[in-house]
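Enquirer: Here are the chains, one letter per residue:
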Amino acid sequence: MSDVVEKTLTALPSLLSLDSQSGAGKLSSTSKLGGLIRSITELTSKHEEEKLINRELAAIKEQVSSPNTSMRQMKEIMVRAIYCEMLGYEASFSYIHAIKLAQQGSAIEKRVGYLAVSLFLNESHDLLLLLVNTVLKDLQSTNLIEVCMALTVVSQLFPKDMIPAILPLVEEKLTNPKEIIRRKAVLALHKFYLIAPNQVQHIHSKFRKALCDKDPGVMTASLHIYLQLIKENPDSYKDLTGSFVAILRQVVGGKLPVDFNYHNVPAPWLQIQLLRILSLLGKDDQSTSELMYEVLDESLRRAEMNHNITYAILYECVKAIYTIYPKSELLEKAAKCIGNFVVSPKINLKYLGLKALTYVVQQDASLALQHQMTIIECLDHSDSIIKRETLEVLFRITNVKNVAVIVEKMLDFLKLCNDDYTIIDLVGKVAELAEKYSPNNEWFIQTMNVVFSLGGELMHPDIPNNFLRLLAQGFGSEEEEQQQLRVFAVDSYLTLLESDTAHLPQRFLQVISWALGEFSYLKDGLEPCKVTKLLAKLLDERNVTSESRSWILSAMAKLSAGPGAAALALQVSERYSSSLDTVLRQQALELLHLSQDPELHARVLPHGAAWDSFEVDSSLSFLDSFVSEALSQGAAPYKAPHQRQEELRQEKALSLEPYSISLPVSLSSCSITDRQSPTLLSMSSSLSGNSNELKAGSSTLKLEGVKRVWGKEGYLHQQDAVEEAAQVEEAATPALPLSPQQGGAESQQTHGDLTVVEQEKQKLASSLFVGLGSQNSTFLMGKSDSTSQQFRRKTRAADSTSSGVSERSSSSSHSSCSDFLHNNLLEDSQNSLNTQKIGVSNGTHEGPVTQSFQTANGIPEEDGEELGNPLPVIVDSDVASIGTETSKETSPFLDAGMVLVQPCSPQTELRDFVQPGSSGITQTSLRSQFPPELSQLPHSDISLLSSDHSLSLSACRAYRDDALLFVIILSNCSQSSTNGLSVQLDCKQLKVASLRGNALENLPAHSMSVCWYALLMEEPHTQVTVAGSVSYRAVPGHTQTLQFTDKLFLTDFIRPLTLSTEEYGKLWLSFSQDVRQNLKLIQGEGDPLRATLSALKEQLQLHIVDIIGSEGIVACRLLPDSPCLLHCRIHGGSLAVWLRSPLLSLPDCLLYYCQKTLEEC
Amino acid sequence: QTHLICCFSPNNRQGKLRLQKWFTPLPERERKKIVRDMTTLVLARKPRTCNFLHWKDLKIVYKRYASLYFCCALEEQENELLALEILHRYVELLDKYFGNVCELDIIFNFEKAYFILDEFLMGGEVQETSKQSIANSIEASDMLQETMEEYMSKPAF
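Line by line, the protein sequences are chains A and B.
For reference, each letter of the first sequence is one residue, going 1 to 1161 in the UniProt record's numbering.
For reference, each letter of the second sequence is one residue, going 1 to 157 in the UniProt record's numbering.
Be aware that one or more of the hints could be misleading.
[What the hints assert, rightly or not] Pairs of lysine-lysine, PhoX-like flavour, derived with a Cα cap of 20 Å: (1) A:533 <-> A:523; (2) B:46 <-> A:387; (3) B:56 <-> A:415; (4) B:32 <-> A:46; (5) A:51 <-> B:21; (6) A:346 <-> B:16; (7) B:16 <-> B:33; (8) A:346 <-> B:32; (9) B:46 <-> B:21; (10) A:46 <-> B:16; (11) A:238 <-> A:209; (12) B:21 <-> B:112; (13) A:32 <-> B:112; (14) A:46 <-> B:33; (15) A:387 <-> B:56; (16) B:63 <-> B:21; (17) A:137 <-> A:160; (18) B:131 <-> A:178; (19) A:100 <-> A:51; (20) A:283 <-> A:327.
[Said to hold, decoys possible] Chain B regions said to be covered by chain A (calculated; three or more residues, Cβ under 8 Å): (21) 23-30; (22) 43-57; (23) 76-87; (24) 106-114; (25) 117-129; (26) 134-143.
Hints in this document: simulated from the structure, not taken from any laboratory.
From a predicted model like this one, the values you see are computed outputs, not experimental measurements.
Here a beta-carbon is modelled for each residue, glycine too, at the ideal position from N, C-alpha and C.
The shape of chain B in the complex, shown without the other chains (with noise of 0.2 Å):
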């Protein structure tokens, strides 16, 4: 089970997060700790280093996708390869979903990401991996969305 995923760009050695959905409740505090302890050493990390970390008991996975951070909080005993792929398969969803996302796309949209998201993991949890599935129940999704606009942009009076 994951325990959390989190996204960052570098920024001054520090991580500023873009997205951070945790499956685990945990104190806010601890939370915060977590994440900041983590950018600090994901990206205290040098080049041709594996993607592994250790923060306490728990293992952190990173891979870095253009000039932003992907990384997950996982059990010790879990596999690290598997969830390396699933972040891969994150990116490639919302890839997808922006087509040839880049930064910007995840800063402004986040709420978006954040939707991919819950499509693809539920509680911790690989729910769906397939692309055109996950692609399909958001675009109903954002259907709902576009006739809603459309009413709404209707003069009611």
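Excised from the complex, chain A in its bound form (with noise of 0.2 Å):
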């Protein structure tokens, strides 16, 4: 074998030779790798297979390196290294060689060496930056299909920071003739925006653009985008919902040209999208979900069964269905679509119907009702996979009473389980349920223990803290019962340690130790010495891991105060008092000297003492003799080692490379992998709120510290806010009407003969969906549900009515919604009593004004009587100075709500004020109402932004140091006077600091008022947009609305940070979040950083805390108080920017802004 393979190998030179001297055809490349892969398939070993391609590579190697290689060899050749490659072999000195070709190749050489490229290299890999001329210079190719390869590369890599260098020509290509390179640009914008958002932010137009291509491919394109926007934003695009109904409706009425036909269904890859963006856009908005009940409807119709593809489509519209505001006939639809998936014979189909009816039970718990036979049938499937998903539908419907058959089926799979993944995400699972909806003390103990058992070391970490947690901490009401709990478990532990205890795992060793130290002497008769030698034997197990032993150690010193106990704690403290981990020793001492000394024993450890009282002096007070003595002696201060880490930076403060010794450089496109890394374990969110646990459990003294932290009061106060839904729950359940669907364990009852089989079938089915009913739903929501709290410990307020809802919804969803509406009602009735309560008419001027007024935009009860204070005060512009002085009494603005409302009539200036924000006039005549402390602040142009026959509105923002001023000024320019004034301001990315429903006064003819807002940015977005209404009545009785929108920068809400540079330092090195990129710099006369750097300073605000050289460092804040650092160094002839802030997309944000600030200079 290997004979044939030498021969090849010596073939090989020469017949290279001859290729390149005749460079004829007849040597294709094909028989090359042919060759090589023909002798590969003959190799019979992996060994072998290795020699061979090692020396394949060799000659691959000396190949590319050779100056005489053409570049159609080189093609040649690089293609064998991807094969090569793809076998597993590395082959990175043709990385360079696969760039050049691609470089300099002609078209066809090209096509291979772009494709060598995308295929061996990544993002990050530095190699990358040599491509970005290649491809620059082929976007800018007359031809066709060299643009196209060009695309086709920067959507499948591309590094992050070039992506301003090609993307104006990216963009120009949207408006190129060639659909195929449009849609292709497309595709390449929606890279973009993924790996960098901020970047594309300012060609959303083209976008808009895009999605009216003519082309349906390229309008397809663009739905990748828009979908990824509503996804984030879903509020900014509900206007376009009826044109995307519109598309959907088209495509599904066959109206695209048959090309886009798949297997005789019009374009499914485009109708699922349309859907997903339908169902985020409908998503709890009544008003838009409307306008699509009827396409979805068609849709479903129209969707026939008899392809995979339409099953795609039925999957997303029931999906959509489900997710929007409900409609009861689509829903009904929709479920039964579901219900042909999950009986059909093909599998496929079966588990996508159980994927779905997992998502659907959470709305609606009586859909498992009816398909209860066949998920018993599914939960003993061949397939293991579908059993999976069955059990994910149980989980979903799991309630007080079916809990222990469901989770013994979760325990029965997890058993037949070795997949590492399934066990962690099962075990955390059952756990949740158990906590929730245990039945008894003994089921939990129990259930735990096989919790413990099988998740093993895999299992998070949380699940055996919140254990021990609820066995520590009282539940409040029933002592008895916790002791019960507590004796439960101990009990069931002595009896595990008296049999063999070599398969538990040590997370379970470490529990039980810890329980029996605490609890073991709640046991009526059982000897302290008893439990002692029990855990003396544990700690001289083999495979116990030290950490294990520690805990062991710690709970036998608990028990070493009987007189039996002593003796062995003498003996085992012996023994490991030599142990060369320092941590057991060190136990090992203290065991010694505790169950020598009784009296102490008691102080320290006693027993059943409440858990807040102890007290752990944090600040390590009393080592502070022994500190001040080392000291003294010429010891080094103790530093932290941040402090440390900043020290050496310091040292290094103005070297070339300033931070890369002391921190870990993370490229910024690391945040690219973070953000689409697929393998990120993503763990059930039930886990996941107790991070701080994470740290405890090394020692039973760490652990001590965390249960100070979560002491007596916090967790009773959590049981009282879950109670307190409760309660609400249950008064509100008399108003559900009750549907007529029975409950599962008397429909089936009825059935006459059954056979044997099927009848275990039925009663699992009876002992499963017991309680999903509606009758049962009422039960739950009153008593047996409250019963359960006991472990409820973790549930947050939001949990707790999500499962309400689950529990409550399978009264039909009708109801629900119905009951929604109901209470919405009831709330706006009492807000709107309270507001004619607060409404206070204080008008001077004519026209009526005595009326109560009010609104639907009710003011929140709580805020009534803070209200009665700032309430708008109307004054004439002859005392507006008392006015002012009015709205400095009141609170500050942040808290103050609406603080002044001011209407001026000076006719004179009015007159012309018909067309405000028309001509500079207006603008002074504006301006002029402004009381003196806005007037004072900075503030930008005001502009027109809506009006009517009889009132416009302008708005500008003023800049105060705390917050941005959203100023509104409203102006009446008819002849009449305007009652029942009420400004409403709505923007769910900003803060709103003073959003208070307010209900303004009457404005007079011919007069303004002047209201402000103030905003905090509390979530970096670089743009947001702000929309408002104001209602007015200008004619008694009959309510008007004045709609207005407007946007908000970035830059709005920046100010400068004003520190020193030590502060600088400090702060810099505390912050996560980092971004990297060279920016333009300001060529002008002197210092160029300088100039750059005040330019930035001049239009963002920034505080330039220091320029040291080529280095500048500057800090900013977003407003309220997230800081943003800069550190800005020339190089080259660009201006490097590293950014850095507490925020996740702060750097990026701002970034854009200085980006856009240096290219306007």
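Hints are included, so try docking the two chains, each in its own frame, into the full complex.
Expert: Structure, rendered in structure tokens:
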């Protein structure tokens, strides 16, 4: 065999030379590759293959580095290199040549070059920078194919930092006459949007153009971007709902060219994309949802059940119907559709049906009831994937009554499972269910025992920690039951320890030893000596880790008070006081002391002491004397690790590579990986809440620290909240109409002759689906649910409501939605009552002003009192100064709500104020209306936002140090006065520090009023849209509304952050989010760095902390108080900027504006 | 979005990779692990089971065509049936290009298979579904090759 190989290889060079000499097409690339492939397939062992490939690679290496190799040969060589890489052998030497081939080859060689690059390199590879020029050149090429290749490679991989370089060229392609290029350009931009959203922000309008493209392919491509955009911010795209619905209607109706059909189904991918977009838009939005009911109905109807692709569409359709605002008719159809899936003999379809069911039962648990027999069958399915999915459905419908059966099924599955990821996931779910719905103490302890045995070391550490906390903390009310639980635990652990312990996982051993140490005194007639003996036995087991040993030792310390135990303790401590492990040694010594001094023991480890009675001196002040002594003897003072790092950094402060030594450099492209990594473990949500405890668990000492944090009060408080929620549910229950559906148990028992197997299944069904029918649901909401709360300790408020909803929803979604409406109405009526109470009419002008006003947007109850003070003050312009004084007396802005409304009626000035914002005169006239405290602030131009025949509304932004003031100027340009003015401002992305529904006063004819909102940006956005409305009555009894929107930018919320260089250094190290980029440098007179920085400072309100040589440090904050630090350095001809902030996207957003500012300079 | 498309033939209970295309940046080691685990998982599947698998929090969708397995890895919440159809359309495209495609076509002309994939999917999203348009654009590039090779084969000196 190897002879053949030898021959092939020795022949290679001669073949090559032949090729280069004649250039004849006799030896096509396939023959050499073919030869390689054939000789590989002839080999029998992996070892031989390795040898062959290594020789092949050596030959390739020699050829690529030879100057005589032509591009054409290179293309052929590259194909072989790709093949070797695919087999798992590294050919990194060829990467650079792949780039060279893409650069220098002719079109066809280029194609292979680009292919090799996209297969060899990944996004963060350094060599990729070399590709940028090639891509630039090809994007400008007149050859269609070259442009296509460049766009393809760009969307496959491109360095994030270099996107600005090619962005204009890709953008330009959006208007290319060829639709294939437009389509690829749109997809490339989609990719850019995913990896660097801020870079493509400015081309949103062009996306709209792509959406309207006459070629359906380009339009389809643009939907990828829209799906992403809408996912992030559905509110901004509600206006497109109509267009999406129209497109879907046309597609479903078969209006697209047949070219787009896939197995006679019109453009299925497009349909699915649209359905996904619609479901995002319609979520929690009734009016938008109403627009799509019809087309969803049509899609359901049109999709015939005949091909996989139609099932895929139906699935998305069902999902959309259950996501948007519910409509009963559609829900019924969708439920029927899922039914067809679930009962289908096609296994893939069954799987998808179960997946849909998992989604749907969260909203309507009764659906599971309809398919109970199928679910039972799936539980015993031979395919474990189907089984797993069925368990997922069961997990969602668990309640107090069926928890035992469902948990048993899950544990059965777990016992046979050997996939780590599934085990982690399922174990977490079982633990969650056990805590939430446990029927009794004994069951709970036993279930958790199985969880700990099965979960082993894989299990999320929250599970044992939560369990221990549950044992440790009283439940507040039923002390007796709590003691019972502990005794059960002690009992079962003793039994476990008495048998073979070798198979028990370490985590479980730790739990056991802790529980025994704490609670074995509770059990009557149990000698501590007996427990200690068992623990000592465990301690000597070989497979016990030293961490578990430490847990065992501290348990023994707790038990060492008794006479018999002391002797044993002495033995153990003698053995371990010479242990190599320092922690064990320390604990052994502690054990020794404690066992010999009962008084000390009683003081340090009192039995059954309340958990909050421990006081831990976290400042370690008892060590002060020790420290001062050591210091006096010349020891160096302690420095925290970050401080040490910082000092290290300062030593290197002005070197060329300032931070690289002290910090792991996280390349900006790493964040992409993070964002998209498919392998991040997504833990079950219930487990994620208690990250504090992750750190606990290495020793008992630390665990006690955790308990202190979660003191009795904190817990009690949480439970109160849960109870309150439960009470609310209880109160609401009678209002729910009972649906005629029967519970599973009853409906199934009526059947007559059944085989034994079927009967068994039915029995299982009745135990699984008990509690899902409506009759039970009323019960659930009442007593039984509240008793189960003893284990619901980590339930958060949101959690409790959602579980309440899923339980209640069995009484059909109709009722739940009418219920919802009812609630709202109730609230509204209360609010409006409130409004009337507060409504004060103190107008001083002509016109009827005495009516009490009602607004739809009421004032939240709790604000009633507060609002009494800063109520809109309407004053004459003559007494404007008094007005402002009044406002000063009121509480500060951020607390006070709408602070000042100031109408003014200087007739002369207002006469020419018909079209505000249209001329400079009106600007100044408007400005003159500002109260002094506003007019002193820097502010933007006033612009007209909206107007109608009687009212016009202008706005501007005033920059106050602690907030952005959104100033609204209302002017009445009609002849009569308007009444019941009310301004409503809405923006989800901003914190509206003073958004209270506010009722202004009447506005006399030809007068204006000024009011403002203080806004804060807690989450960075490059730009946000604020929308609002003004409602008023021009004619009594007839309310009109005036809508307005305005855009606010990140820069509006940026303020300088003044700090010293030292403070900057400290802050810098503590921030985690960083981004780096090279920016344009302003070349002017003097120092370019200074010029650039001062330009940035001017435009973006930054603070220049210091400039040293070619480096400058700059700081700013995003309102209210999120800092962002910039480190700028001249590098080559550009400004290398490194931004850091504690907020995720702040550096990105700010960078965008820095870039924009410098581009404009 | 699809993370990975790959194609392998079974070989002693291990997969022999024929094609693999990643659409998500992942470290090399991670990639190798996913592909290795995936092939073993897929090959261990019994007949008459569904075409889906879990790998950590990813969904693997696979289908066997003659002696070749085609797989893709996607997010949990994605539509598995649709992914199955993506694989199917890809095989149809290969079939149209090679004419009654067989494993050897893909082994010996894997770069062509990659080119076809690039026309079909871009950045993990379906770019073009029409068989005819894809065939056209591949042909256009291939035509270029023909002429180039003719050109090259002429003696220059």
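Enquirer: Quick one, are residue 46 of chain B and residue 21 of chain B close enough, alpha carbons at most 20 Å?
Expert: 26 Å, violated
Enquirer: Starting from residue 100 of chain A, check that the Cα of residue 51 of chain A is at most 20 Å away, please.
Expert: Violated, at about 28 Å.
Enquirer: What's the verdict on residue 46 of chain B and residue 387 of chain A, does the C-alpha distance respect the 20 Å limit or exceed it?
Expert: 15 Å, holds
Enquirer: Taking a Cβ-Cβ distance under 8 Å as contact, does the region 134-143 of chain B have three or more residues in contact with chain A?
Expert: Result for this restraint: holds, n = 3.
Enquirer: Are at least 3 residues of the region 117-129 of chain B within less than 8 Å of chain A when you compare beta carbons?
Expert: holds (count 8)
Enquirer: So if I understand the rule, the pair passes when the alpha-carbon distance is 20 Å or less; does residue 137 of chain A with residue 160 of chain A pass?
Expert: 19 Å, holds
Enquirer: Can the restraint linking residue 238 of chain A and residue 209 of chain A be considered satisfied, given a maximum Cα separation of 20 Å?
Expert: Given pair residue 238 of chain A, residue 209 of chain A holds - Cα atoms ~17 Å apart, limit 20 Å.
Enquirer: Checking one constraint from the list: CA of residue 16 of chain B to CA of residue 33 of chain B, max 20 Å. Satisfied?
Expert: Between residue 16 of chain B and residue 33 of chain B the Cα gap is close to 14 Å, so the pair holds against 20 Å.
Enquirer: Are the Cα positions of residue 56 of chain B and residue 415 of chain A separated by 20 Å at most?
Expert: 18 Å, holds
Enquirer: Can the restraint linking residue 21 of chain B and residue 112 of chain B be considered satisfied, given a maximum Cα separation of 20 Å?
Expert: 13 Å, holds
Enquirer: Mind checking, does the region 23-30 of chain B have 3 or more residues with a CB under 8 Å from chain A?
Expert: holds (count 7)
Enquirer: Between residue 283 of chain A and residue 327 of chain A, does the CA-CA distance stay at or below 20 Å?
Expert: 12 Å, holds
When each numbered hint is compared with the structure, violations occur for hints 5, 6, 8, 9 and 19.
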